[in-house]
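Participant: Chains as they are written, first to last, in the UniProt record's numbering: chain B, 1 to 288; chain C, 1 to 288; chain G, 1 to 288; chain A, 1 to 288.
One or more of the hints may lead you astray.
[Unchecked claim] The calculated EDC-like cross-link candidates involving lysine to aspartate or glutamate, where the alpha carbons are at most 20 angstroms apart (straight line), are:
1. A:25 x A:56
2. G:152 x A:187
3. C:152 x B:187
4. B:152 x C:193
5. A:152 x G:193
6. C:78 x C:134
By construction, these hints were calculated from the structure, which means they are not laboratory data.
Protein chains: 4
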Amino acid sequence: MGSPMALNLIKVGCDVIVWNRTKSKCDPLISLGAKYSSSPEEVAANCDVTFAMLADPESAIDVTCGKNGAVSGMGPGKGYVDVSTVDVATSKLINEHIKARGALFLEAPVSGSKKLAEDGQLIFLTAGDRSLYELVSPLLDILGKSRFYLGKVGNGAAMKLVVNMIMGSMMASFSEGILLSKKVGLDPSVLVEVVSQGAISAPMYSLKGPSMVKSQYPTAFPLKHQQKKLMLTQDLRLALGLAESVSQSTPIAAAANELYKVAKSYGLSDEDFSAVIEALKAKSQDTA
Amino acid sequence: MGSPMALNLIKVGCDVIVWNRTKSKCDPLISLGAKYSSSPEEVAANCDVTFAMLADPESAIDVTCGKNGAVSGMGPGKGYVDVSTVDVATSKLINEHIKARGALFLEAPVSGSKKLAEDGQLIFLTAGDRSLYELVSPLLDILGKSRFYLGKVGNGAAMKLVVNMIMGSMMASFSEGILLSKKVGLDPSVLVEVVSQGAISAPMYSLKGPSMVKSQYPTAFPLKHQQKKLMLTQDLRLALGLAESVSQSTPIAAAANELYKVAKSYGLSDEDFSAVIEALKAKSQDTA
Amino acid sequence: MGSPMALNLIKVGCDVIVWNRTKSKCDPLISLGAKYSSSPEEVAANCDVTFAMLADPESAIDVTCGKNGAVSGMGPGKGYVDVSTVDVATSKLINEHIKARGALFLEAPVSGSKKLAEDGQLIFLTAGDRSLYELVSPLLDILGKSRFYLGKVGNGAAMKLVVNMIMGSMMASFSEGILLSKKVGLDPSVLVEVVSQGAISAPMYSLKGPSMVKSQYPTAFPLKHQQKKLMLTQDLRLALGLAESVSQSTPIAAAANELYKVAKSYGLSDEDFSAVIEALKAKSQDTA
Amino acid sequence: MGSPMALNLIKVGCDVIVWNRTKSKCDPLISLGAKYSSSPEEVAANCDVTFAMLADPESAIDVTCGKNGAVSGMGPGKGYVDVSTVDVATSKLINEHIKARGALFLEAPVSGSKKLAEDGQLIFLTAGDRSLYELVSPLLDILGKSRFYLGKVGNGAAMKLVVNMIMGSMMASFSEGILLSKKVGLDPSVLVEVVSQGAISAPMYSLKGPSMVKSQYPTAFPLKHQQKKLMLTQDLRLALGLAESVSQSTPIAAAANELYKVAKSYGLSDEDFSAVIEALKAKSQDTA
Chain B
1 MGSPMALNLI KVGCDVIVWN RTKSKCDPLI SLGAKYSSSP EEVAANCDVT FAMLADPESA
61 IDVTCGKNGA VSGMGPGKGY VDVSTVDVAT SKLINEHIKA RGALFLEAPV SGSKKLAEDG
121 QLIFLTAGDR SLYELVSPLL DILGKSRFYL GKVGNGAAMK LVVNMIMGSM MASFSEGILL
181 SKKVGLDPSV LVEVVSQGAI SAPMYSLKGP SMVKSQYPTA FPLKHQQKKL MLTQDLRLAL
241 GLAESVSQST PIAAAANELY KVAKSYGLSD EDFSAVIEAL KAKSQDTA
Chain C
1 MGSPMALNLI KVGCDVIVWN RTKSKCDPLI SLGAKYSSSP EEVAANCDVT FAMLADPESA
61 IDVTCGKNGA VSGMGPGKGY VDVSTVDVAT SKLINEHIKA RGALFLEAPV SGSKKLAEDG
121 QLIFLTAGDR SLYELVSPLL DILGKSRFYL GKVGNGAAMK LVVNMIMGSM MASFSEGILL
181 SKKVGLDPSV LVEVVSQGAI SAPMYSLKGP SMVKSQYPTA FPLKHQQKKL MLTQDLRLAL
241 GLAESVSQST PIAAAANELY KVAKSYGLSD EDFSAVIEAL KAKSQDTA
Chain G
1 MGSPMALNLI KVGCDVIVWN RTKSKCDPLI SLGAKYSSSP EEVAANCDVT FAMLADPESA
61 IDVTCGKNGA VSGMGPGKGY VDVSTVDVAT SKLINEHIKA RGALFLEAPV SGSKKLAEDG
121 QLIFLTAGDR SLYELVSPLL DILGKSRFYL GKVGNGAAMK LVVNMIMGSM MASFSEGILL
181 SKKVGLDPSV LVEVVSQGAI SAPMYSLKGP SMVKSQYPTA FPLKHQQKKL MLTQDLRLAL
241 GLAESVSQST PIAAAANELY KVAKSYGLSD EDFSAVIEAL KAKSQDTA
Chain A
1 MGSPMALNLI KVGCDVIVWN RTKSKCDPLI SLGAKYSSSP EEVAANCDVT FAMLADPESA
61 IDVTCGKNGA VSGMGPGKGY VDVSTVDVAT SKLINEHIKA RGALFLEAPV SGSKKLAEDG
121 QLIFLTAGDR SLYELVSPLL DILGKSRFYL GKVGNGAAMK LVVNMIMGSM MASFSEGILL
181 SKKVGLDPSV LVEVVSQGAI SAPMYSLKGP SMVKSQYPTA FPLKHQQKKL MLTQDLRLAL
241 GLAESVSQST PIAAAANELY KVAKSYGLSD EDFSAVIEAL KAKSQDTA
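Assemble the whole structure, with the sequences as input and the hints as a guide.
Facilitator: If you want it as structure tokens, here you go:
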């Protein structure tokens, strides 16, 4: 997703320096005017503000704090904006390393998809240094349709977990509705359409519903691959951990999480998270 | 809600005859050109198609099958369209009485609110006689923005239950998110706004969220009074009964139903169904 | 189960008159000294106290209020003790008919099995006429090991539902433990043994556990056939209805009920209720 | 709990050397013939087999691996038996340190209470070195009524989590039954008694039920203090983590965990875990 974001910055005339572990992935951007640096450190050294978009917490830490990592290139007056989705602890760790260099840090996980990144329609959930937030706001406005500043580092990650918790429960509930409508003799496709017209209409339902009715869970969907994996294996569980830590009762999310566990035990971890519907289907009994 | 619907028919020039147990409620319509009949029977006798909008199953049956009820005025060539929200059994009962008179029946519960009724933006979930459906389609298009024909009598009620089941679970899940965000130090108003921008954005969340954050559950909301009562006391439970009857597992709805029960035990039956959020709040311990 | 109960009364020298729809089932009792009457009415007419043990609510009503039913033989000074397991409404209906004849009524559902009936180890949950309770107490002491008088008619049925609700949840929880222990590499048979030694040891676990570990759910178990069917199809659901009627939150029972629904959708309705464990097993995915 | 265990060993004539952070706690044992050593290291150096009973994982690690810890006194031919309740990771860590000294390790968490410890009625869930298990079996038989050898280190802790998971669900289910019986007009004390007579009778119910009915949750109960805390704050959550790690669906335990969270949010963390019943009570509404 970093690629379409960089592209949007190039399009409006920003000076962009790019780096990727696999240099060839940067070629399209270079052909449009981006410069290439040979390491995160070099990018950070040559830029006022460095944006990082990594696939997971491990990569986010490695690219920042590892050998030739961005931290080595940071210094006073510079800013580091991490738009990856990471957990609270990772975000705090990166923040500490950046701050130790006298630079500013902004955690800014995005809500959106590759398509929305291309269209400049992302949502940024930022937290950390307010001055850096204000500095990069014009850039965030190029990349997305809205941005939220949420206070101290970790709050961006927490907000994303809460949103994804609701998302996970909604998908499980929608699955129940689809299967129940079918079992009582209604056309589940019509349910999807009815839902799309009323007070509970949500883009996710319209996007995923038609495929779910056909027992298809393509991962090429706007909610990109790692998002889906996170949902099944991590986000809902992390959200429950967050709720546990403050003794907030979340029985719906807990019940939903049980269904995602069933889906995983069915070997569906590599499917889109809408595959949770399979957890609610009656399987033919195959026990001895 | 019958009033704004009749008004919209009058506005486009339909000949409308109205009746209400409390005649004065019809006065505004009469002043705009509607005629008044003194009983449901008389309305039915004088009209090609009779629309019924009643508050609950008992009234729906009484107005149809009771003394001077619509059934007595029905006959071959006439049609009866019940846009009330009733259960499957009630709908089937009314259907039988209407059919016994040689007339046609269409069950057509609406999804919407008084505001949407005024704006002609209702959604009709119809089932029953297809020829009557086709006959009244132009009228439904005046009253609403979409209409679905779902087959045999009872399917309209069933579809509405499934939709409301999802709605009840979504509201419970949203409540969890609001409270969790608050407990971990995020601003729940911001959560409401973040949700409103992304894949899980739903009109219901935007409408109810801001009040829920303030622990307010006004019933003057577009989801009108009886809708709310139905949700708390009836719809979710009826949906679970429906699921039970076909052995469809619905753990999310079951968990949500438990929360509505808690809300009821807190004495919140007369509040909007968004008051379910109270069920998730830590109450100060008042036990001996 | 009526047979071993009658036998125990005969053994201690009571004058017993028996009736069964299928007379041959009474032959063993007759050979031991019981008299046979040709209808429930005749039994009631010839006895001071009539005990009824029927398989379901329909039979209980039929044998009491139907043609040549027991009610016709009742009268002042006589008592009717229904030891069948029926719902609250059925119990109240039978009570009204008996009382209308000037006779006394005692609802007395039993907790136990055929084996326990043979051993005189049943538990009686009685409600209704206290004087009849006191009159038959010596008989109940022959048939069972304990008896409870619970007040007004319906309370016996309600108490049985509450007990069975706990039973259903416990069985579901035990199933989770067995499967979890197995998945983490422990021997589930050892879990069954460990449980049997400590604070949560229960006869049901010891009885069913060893078979459950082997994925076997024989219905020839002490909890007899109809008991099991009731559990899967009726008792837990009725208990949830009871809880709904008083707005008592029962999230554990609700979650358990969802598992029994899954078990039913797997076609396990004719298995012992311990087959609920199948609902928690990962099934190979068989979807298109 | 270490004290009554040591006492039981002294009684049968074992040579016992004791140590406690607070020496005075050992005085009663010393007066009965135990020797005292000034550190865990010294105990280990002077004994063939060292038993450790610590309150929590941190203490278990400190006493083993800390300054003057038992590890320093271990060596080939010696054995270390940890009867504390710790998590899997802690048990594995201690095992590694002991093994690095060439000694044998047995994880042996107990199920039981101070009273059961005094009576020599504990249950040992052991795992680790089988030869050490066999060596100490005669000692375990003095201290307890049964012992299980479960294989590799970590299995003892895992078995205990599974048992406590069932225990937590059972207690939540029992709470539902008590409150439901009360709400429908039955005497909850009678429910406790009825349960105690049948197939779901469990020592825990008989022990805790009478107090629960009175809304009392004394911690001086046989399930000792830290056990209760573990249940509320740790065991159920750890068990859910275990289930998550193997994708085993445990909806009952998940629903139960939500209730324990509610109980914690009510400020009941220092009460016995039977206080979970408070989570199911309707609280008077105290919201603005």
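Participant: Hint by hint, note whether the structure agrees.
Facilitator: Status of the hints after comparison with the structure:
no.: 1; hint: A:25 x A:56; verdict: 18 angstroms, holds
no.: 2; hint: G:152 x A:187; verdict: 12 angstroms, holds
no.: 3; hint: C:152 x B:187; verdict: 12 angstroms, holds
no.: 4; hint: B:152 x C:193; verdict: 19 angstroms, holds
no.: 5; hint: A:152 x G:193; verdict: 19 angstroms, holds
no.: 6; hint: C:78 x C:134; verdict: 13 angstroms, holds
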